[in-house]
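Asker: With the sequences and hints as input, model every part of the structure.
For reference, the chains in residue letters:
Number of protein chains: 2
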Amino acid sequence: MRTQNFGVTFCGGSTGQWRIRSQIAVTGQALPDAEFLSVSEQASQQSVWTLTGFASNLRYTGALDREALKDRSEGLGRPAARHAALIPIRKSDAWWAMAQDERLAVFGRARHTPIGMDYLPAIARKLYHSRDLAEPFDFLTWFEFAAEDEPAFDHMLERLRNSEEWQYVTHEVDIRLSRHEI
Amino acid sequence: MRTQNFGVTFCGGSTGQWRIRSQIAVTGQALPDAEFLSVSEQASQQSVWTLTGFASNLRYTGALDREALKDRSEGLGRPAARHAALIPIRKSDAWWAMAQDERLAVFGRARHTPIGMDYLPAIARKLYHSRDLAEPFDFLTWFEFAAEDEPAFDHMLERLRNSEEWQYVTHEVDIRLSRHEI
Chain A
1 MRTQNFGVTF
11 CGGSTGQWRI
21 RSQIAVTGQA
31 LPDAEFLSVS
41 EQASQQSVWT
51 LTGFASNLRY
61 TGALDREALK
71 DRSEGLGRPA
81 ARHAALIPIR
91 KSDAWWAMAQ
101 DERLAVFGRA
111 RHTPIGMDYL
121 PAIARKLYHS
131 RDLAEPFDFL
141 TWFEFAAEDE
151 PAFDHMLERL
161 RNSEEWQYVT
171 HEVDIRLSRH
181 EI
Chain G
183 MRTQNFGVTF
193 CGGSTGQWRI
203 RSQIAVTGQA
213 LPDAEFLSVS
223 EQASQQSVWT
233 LTGFASNLRY
243 TGALDREALK
253 DRSEGLGRPA
263 ARHAALIPIR
273 KSDAWWAMAQ
283 DERLAVFGRA
293 RHTPIGMDYL
303 PAIARKLYHS
313 RDLAEPFDFL
323 TWFEFAAEDE
333 PAFDHMLERL
343 RNSEEWQYVT
353 HEVDIRLSRH
363 EI
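Heads up: the sequence lines are chains A and G, in that order. All letters in the first sequence, in the order written, are residues 1 to 182 by the working numbering. All letters in the second sequence, in the order written, are residues 183 to 364 by the working numbering.
Do not take every clue at face value.
[Unchecked claim] DMTMM-like cross-link-like pairs, simulated, lysine to aspartate or glutamate; straight-line CA separation at most 25 Å: (1) A:Lys-126 with G:Asp-283; (2) G:Lys-308 with A:Asp-93; (3) A:Lys-70 with G:Asp-275; (4) A:Lys-126 with A:Glu-172; (5) A:Lys-126 with G:Asp-275; (6) G:Lys-308 with G:Asp-247; (7) A:Lys-70 with G:Glu-284; (8) G:Lys-252 with A:Asp-93; (9) A:Lys-70 with G:Asp-283; (10) G:Lys-308 with A:Glu-172; (11) G:Lys-252 with A:Asp-174; (12) A:Lys-126 with G:Glu-284; (13) G:Lys-252 with A:Glu-172; (14) G:Lys-308 with A:Glu-102.
[Stated by the list, open to error] Far from chain G by the CB rule (all over 10 Å, computed), these chain A residues: (15) Gln-17; (16) Ala-63; (17) Gly-75; (18) Ala-81; (19) Leu-127; (20) Met-156; (21) Arg-161; (22) His-171.
Please keep in mind that the hints were generated in silico from the structure rather than gathered at the bench. Treat the numbers as computed from the prediction; the structure is a model and nothing was measured. Glycine is no exception: its CB is placed at the ideal position from the N, C-alpha and C atoms.
Answerer: Right, here's the structure in full:
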């Protein structure tokens, strides 16, 4: 298999651009403890754990939401966004056995997109897919925000985790980070 | 990156379970000539070309169609299905820039699922995704059928290739095969 052009590897270990502030196992097992996180296109030799994913085309977002998201979103790498979160998620076999319209209906009833939109542009987000690489998680979602927006981020997660969609989440880890000055 | 549990590798070369009867470059470049095709989970050393993909969850099929397809479909590996086809396809950037609802609308107007359904159970089909592996093609579709059903298969392809969806196809190769008795 060829290396992906748009793949990303998150490595927990002793080096990296991000310092791991905390890790909470929301559902299921925690990852092994690590002090730093490196984000790159290649796995690091000294890593304690490695998670790989790829950016892809939109799977649920419709055209209207795509335009609204584009209008309100700011990119990753903003100087003021000193905090970040990596949230790996795995969903159940029941989720993946559903047809596209069935999954889209749950996604819609959970108000997944409108909830995320409520926190734009403060909470920047990028989704990576892992499931088709036979990785332990299905999704790796990366968030960046200013330290003072962390309570808003927590509020967003609380709303999502109380939704019908999260009944299909069988494994979720919440890793909080801050930029590591060298 | 871990090896995929459900990945497949098609290798054109000097050995394999299938003999390549013909290759037509429908749109874009042909693949290098090869006499045999091997289908496995690992790349073969002596291959002339290699294409890798993974089976995944349904991306467009709704629940009603999923049930209708399940009722009418027969699996791969039927003894009478001595012929096969491998059709790698790449779609344009315009296709991939569309939101889910826009792609689904084209897929629906093209009558992609009903056309395929017209040829069940004679034409068995399995779809593999390649795009997210940064492969040269986006999809690798594998078909198996009896030799006498090849005209029906050709008819199905003609209908699909005349559809709106195929206006987004920028590269398509049509490889016909027969089981190789050892």
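Asker: With reference to the structure, classify each hint as holding or not holding.
Answerer: Each hint, compared with the structure:
no. : hint                     : verdict
1   : A:Lys-126 with G:Asp-283 : holds (20 Å)
2   : G:Lys-308 with A:Asp-93  : holds (20 Å)
3   : A:Lys-70 with G:Asp-275  : holds (18 Å)
4   : A:Lys-126 with A:Glu-172 : holds (17 Å)
5   : A:Lys-126 with G:Asp-275 : holds (20 Å)
6   : G:Lys-308 with G:Asp-247 : holds (16 Å)
7   : A:Lys-70 with G:Glu-284  : holds (16 Å)
8   : G:Lys-252 with A:Asp-93  : holds (18 Å)
9   : A:Lys-70 with G:Asp-283  : holds (16 Å)
10  : G:Lys-308 with A:Glu-172 : violated (32 Å)
11  : G:Lys-252 with A:Asp-174 : violated (38 Å)
12  : A:Lys-126 with G:Glu-284 : holds (21 Å)
13  : G:Lys-252 with A:Glu-172 : violated (32 Å)
14  : G:Lys-308 with A:Glu-102 : holds (21 Å)
15  : Gln-17                   : holds (21 Å)
16  : Ala-63                   : violated (4 Å)
17  : Gly-75                   : holds (18 Å)
18  : Ala-81                   : holds (26 Å)
19  : Leu-127                  : holds (13 Å)
20  : Met-156                  : holds (22 Å)
21  : Arg-161                  : holds (22 Å)
22  : His-171                  : holds (16 Å)
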